[in-house]
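Asker: Chains as they are written, first to last, in my numbering: chain A, 1 to 215; chain B, 1 to 769.
No wet-lab data here; the hints were simulated from the structure. Worth double-checking, as some hints may not be accurate.
As the list claims (entries may be wrong) - From chain A, some residues computed to sit far from chain B (all C-beta separations above 10 angstroms):
| # | residue |
| --- | --- |
| 1 | 48 |
| 2 | 60 |
| 3 | 74 |
| 4 | 75 |
| 5 | 139 |
| 6 | 142 |
| 7 | 148 |
| 8 | 162 |
| 9 | 190 |
| 10 | 194 |
To be verified - Subject to a maximum C-alpha distance of 25 angstroms in a straight line, what follows is the list of computed DSS-like cross-link-like pairs (lysine-lysine):
| # | chain 1 | residue 1 | chain 2 | residue 2 |
| --- | --- | --- | --- | --- |
| 11 | B | 494 | A | 96 |
| 12 | B | 562 | A | 94 |
| 13 | A | 94 | B | 218 |
Stated by the list, open to error - Among chain B residues calculated to face chain A with C-beta under 8 angstroms, some are:
| # | residue |
| --- | --- |
| 14 | 126 |
| 15 | 143 |
| 16 | 152 |
Note that the structure is a prediction, hence the values are computed from the model and not measured. Even for Gly, the Cβ is constructed at its ideal location relative to N, Cα and C.
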Amino acid sequence: MFSMCKSVVFIICFFHMLIAYAEETIDAVLIRHAVQEPVQFSYQETRHMQLLDMPWKASGKMYMSPAFFIVEQKKPYRLVMASNRTSLWLYDGKNKIRRSRNISGYSRGGSSLVALMMALRTGEIETLKERYTMTLSAKEHQWTLEMIPVESAMDKHDARIVLRGKADQAADELKIEYADGNHTFWEFTAEEHTKERSEDVSKQMKTLVKEARGG
Amino acid sequence: MNRYHLFFTALLSMLLIATAFLVEFRTDVSDFFFRGDSPETALIASSIQSGELAQRYILLIETRRDDADITVFAQALEAKLKTVDHVVRIWGMQRDQQVFESILANYIPYRMQLFSPDPEKDIAHLFQEETLQTRAGHIKSVLLSSEGARLKSVILQDPLLLTGDWASKLGFGSQETADKNFSGLIVETAVSGLDAQAQRPIYASILKTFDALNAQYKGDFSLRITGVPLFSIEVQKQVSQDVQRVSMLSVTMMILLFLSVFRSIRGLFWISLILISTVAASSLITSLMFGYIHALTMAIGTTLIGVCVDYPIHAIVHASGSNEADSEASTRRIWPSLLLGGLTTVTGYIALSFTSYPGMQQIALFAGVGIATALLLTRYILPHLMQGHIREMQPRIEFGAWLRLLHHYRSSMRLVVIGGGLIFFMIGFSGLNWMDDLNSLSPSLTELKAEDQAIRSHMSSVEPGRFILVQANDFETALQINESVFIKLQALKKEGTLKSFHSLYPWLASAKLQRENLNYFKGNMTAENRELWQQALRAEGLSVKHLGQLKMVETELLSREKFESWPYKHYVSGQYVIQNGQVLIMTWLGMHDADKTEAVVSDMAGVRYVSQRDIVNHLAVDYRTQTMKMLLLGAFAIFVLLVIRFRHVFIAMNILFPALMSVFIVMGAWGVFGETMGMLHLIGLLLVVAICVDYGIFFYENRAGNQALTFQAIVISSMTTAAAFFSLGFAENPALQALAWSVAPGVVIGFLLCPLLIRQQQIAVQESK
Chain A
1 MFSMCKSVVF IICFFHMLIA YAEETIDAVL IRHAVQEPVQ FSYQETRHMQ
51 LLDMPWKASG KMYMSPAFFI VEQKKPYRLV MASNRTSLWL YDGKNKIRRS
101 RNISGYSRGG SSLVALMMAL RTGEIETLKE RYTMTLSAKE HQWTLEMIPV
151 ESAMDKHDAR IVLRGKADQA ADELKIEYAD GNHTFWEFTA EEHTKERSED
201 VSKQMKTLVK EARGG
Chain B
1 MNRYHLFFTA LLSMLLIATA FLVEFRTDVS DFFFRGDSPE TALIASSIQS
51 GELAQRYILL IETRRDDADI TVFAQALEAK LKTVDHVVRI WGMQRDQQVF
101 ESILANYIPY RMQLFSPDPE KDIAHLFQEE TLQTRAGHIK SVLLSSEGAR
151 LKSVILQDPL LLTGDWASKL GFGSQETADK NFSGLIVETA VSGLDAQAQR
201 PIYASILKTF DALNAQYKGD FSLRITGVPL FSIEVQKQVS QDVQRVSMLS
251 VTMMILLFLS VFRSIRGLFW ISLILISTVA ASSLITSLMF GYIHALTMAI
301 GTTLIGVCVD YPIHAIVHAS GSNEADSEAS TRRIWPSLLL GGLTTVTGYI
351 ALSFTSYPGM QQIALFAGVG IATALLLTRY ILPHLMQGHI REMQPRIEFG
401 AWLRLLHHYR SSMRLVVIGG GLIFFMIGFS GLNWMDDLNS LSPSLTELKA
451 EDQAIRSHMS SVEPGRFILV QANDFETALQ INESVFIKLQ ALKKEGTLKS
501 FHSLYPWLAS AKLQRENLNY FKGNMTAENR ELWQQALRAE GLSVKHLGQL
551 KMVETELLSR EKFESWPYKH YVSGQYVIQN GQVLIMTWLG MHDADKTEAV
601 VSDMAGVRYV SQRDIVNHLA VDYRTQTMKM LLLGAFAIFV LLVIRFRHVF
651 IAMNILFPAL MSVFIVMGAW GVFGETMGML HLIGLLLVVA ICVDYGIFFY
701 ENRAGNQALT FQAIVISSMT TAAAFFSLGF AENPALQALA WSVAPGVVIG
751 FLLCPLLIRQ QQIAVQESK
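Starting from the given sequences, assemble the full structure and let the hints guide the process.
Answerer: Structure below.
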């Protein structure tokens, strides 16, 4: 689940951030990343794992605001993962269990991509640059941002992150490759974004946070 | 200044110097009140006194801010606390991921032999089709979870996830569900938890470190702290305050009393020096004999001032009241009475030392040395110090009113007092409430105890003070029994009677169980079961190529030595003890039904359900019974002494009579007024007998041949004794209060009864004339 959320956070951030023009610098792209109000996306996830004979697929929605990041997996089973800067709550609808854990250590200690994406979302650009070696490239109507974790700072399981989007548009693909050869591919579809819609998203996020935390 | 002055000054100086350099004070209350005779009590005592558990502080860090980085703060605090002197280890209550992974890495090779305490049943169940399908589903869930990448290597080594079974038995996995408004740290120190002196700077450093770090975080966090060292520090503080308070009060009352009665600074000065010598000699000898002297011995010992001052008071009163110019002669005359009085008092204290109540031996020795010193100084030094100043030490207050009253109504009052006293005793004794809770004798630490409970309830699911104890002659047997206990407790947990438990299994398992597990696995590694497993993997879309080959693990058995070489021993600290050819293994219990849990293990050889509080209170009942016996034995020993001295049973009985009547009246009063009574009250009553017999002897022998003079001396000495014990009543320590409220009234009643119940010796009077 963390692998999933790492990827999702990453791509959502870049949805907002990357109105990617080839001539843009990485800094300019990153600064545009910060989220100001709640937004929502649909996603499709495909995992290719050494220990699974067939790729595993999931789909659902993602929500982001300055305070929270939420993944609402709807298929193949319900799973809600909500996180703020310090904590992550997870409700597994299949097994009817809830869990929580502290993730703040990762953001400060330098090992969690999830928390790092949180930092990116709130504008901690320098932290992000310390964690990754980034390369931005463009081909005709498409841009690609490749991020290689700095070895000493990052999770030993993550190897390479690739974001891709159409010219003048937010990123719609994310691929995370792991050190063991596994990789996960994400496709995103942005949903309509208006002020009214933002309020609905905000309410939905509160409901989902409550579901993930329980009580 | 004569040679006696010089000798005494030199003696006192040497005593004080030796005391200052050689006496070691201790304040460990458990050491004073608690001694383990049985394996259980020995275990409790050793775990309290020297175990690793006693060397730890438990820190609970809290915050009210939802967005506060409490884990980061806890990690920073942990790093800083590592630099504090005498801190040897720190770890979080929530075992972190790295620790978990490190433990798993060590245990993976042993997963088969540690798999089940009941391998025949559980391994057969494992290889059923349905179980294998569930396991395959579980593997898939784990791979897709947040831990998938981390646990992949474990799954490759252990496709059946046997290590997961092992971890769940230890309670791993439930760690992630905790709320995060708090974080816990355990700080282990290198010094005994009961060494308050050494612990105090460590405690101060912990607080200082926290405050400094918290200031950097704008005071977002608060700290709550508990642990045995904290209790020790508080107990030491209380005991020290008690000793100071009791000593000050006792000494002040004594000085005021002495000055009111004698109005002689010189007399006060010499008596003070005698008492200082007495306390110094007692402390020195006791410390040399025991290696240390307990502060409570000192506190109770200060009451000896009230007893020991009796002898010089008698000497002064008799010397100043007689017509002789030679104080040595008057002291020599009353010496047999003083000696016998001292002997009976020491007899009382010696009887106390047979109660097997720890600490009483110290008090007995302290008292014995003190009384002997006071007697010898009174006999051989004081008369020479007083020489030439006797007249100025004459009592200025006359205490003859009671004697005059008795002169007129003695016969009728005697009957009333004896009859009334016995009836009072009979009525009161039947209603006596016996208090057998040793905790009630410890210093009152209500706030600390409440805080301790509150902190532990956050940090641990273990019910303190209750556990299952396995006892065997060797480690292998103990482990085997422990595994049987594990199976029974597992059943209790399943039915909801027991919420959780923490066993030494599966950290460690007996060689027998490890072999059984391996044999059953070997027997089940068949082609048929392999095919079932591969079918289950295929059904979940898992790779048969990577996970489908079931193999036996070829590794040696996990031994205790191997386990102890790993850095996880502190997770089971205090759970096993090997001493004196005995092995004890404990299983900590979470919330449970005590009766049902006890019933489940009651028929198992070598297994007991233990409640520390019940054990301690059982000890208290034993102590009380012993003390009651010693009270009777002590009274009898004093009686024998009196018979030997006077060669007449009736005289001995007569002298003992006021003391016994006093005891009866005090006990009757407690019963009538519904006061609770414990062993220390009984100890106090034994002292009442020992002290009141002195008055009986003085009054009976009347060696000065002057009843008024003798009574005068008895009144003054009983007042000083009562004042000294009365001072104990102002201590916070309940043990000292119990002594105060039994001895002080007993002594007063005893001395009042002397002229009423004792027929004075006519021979002595005639001799005197």
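Asker: Which constraints among the numbered hints does this structure fail? Numbers only, ascending.
Answerer: Per hint list: 12, 13 and 14 violated.
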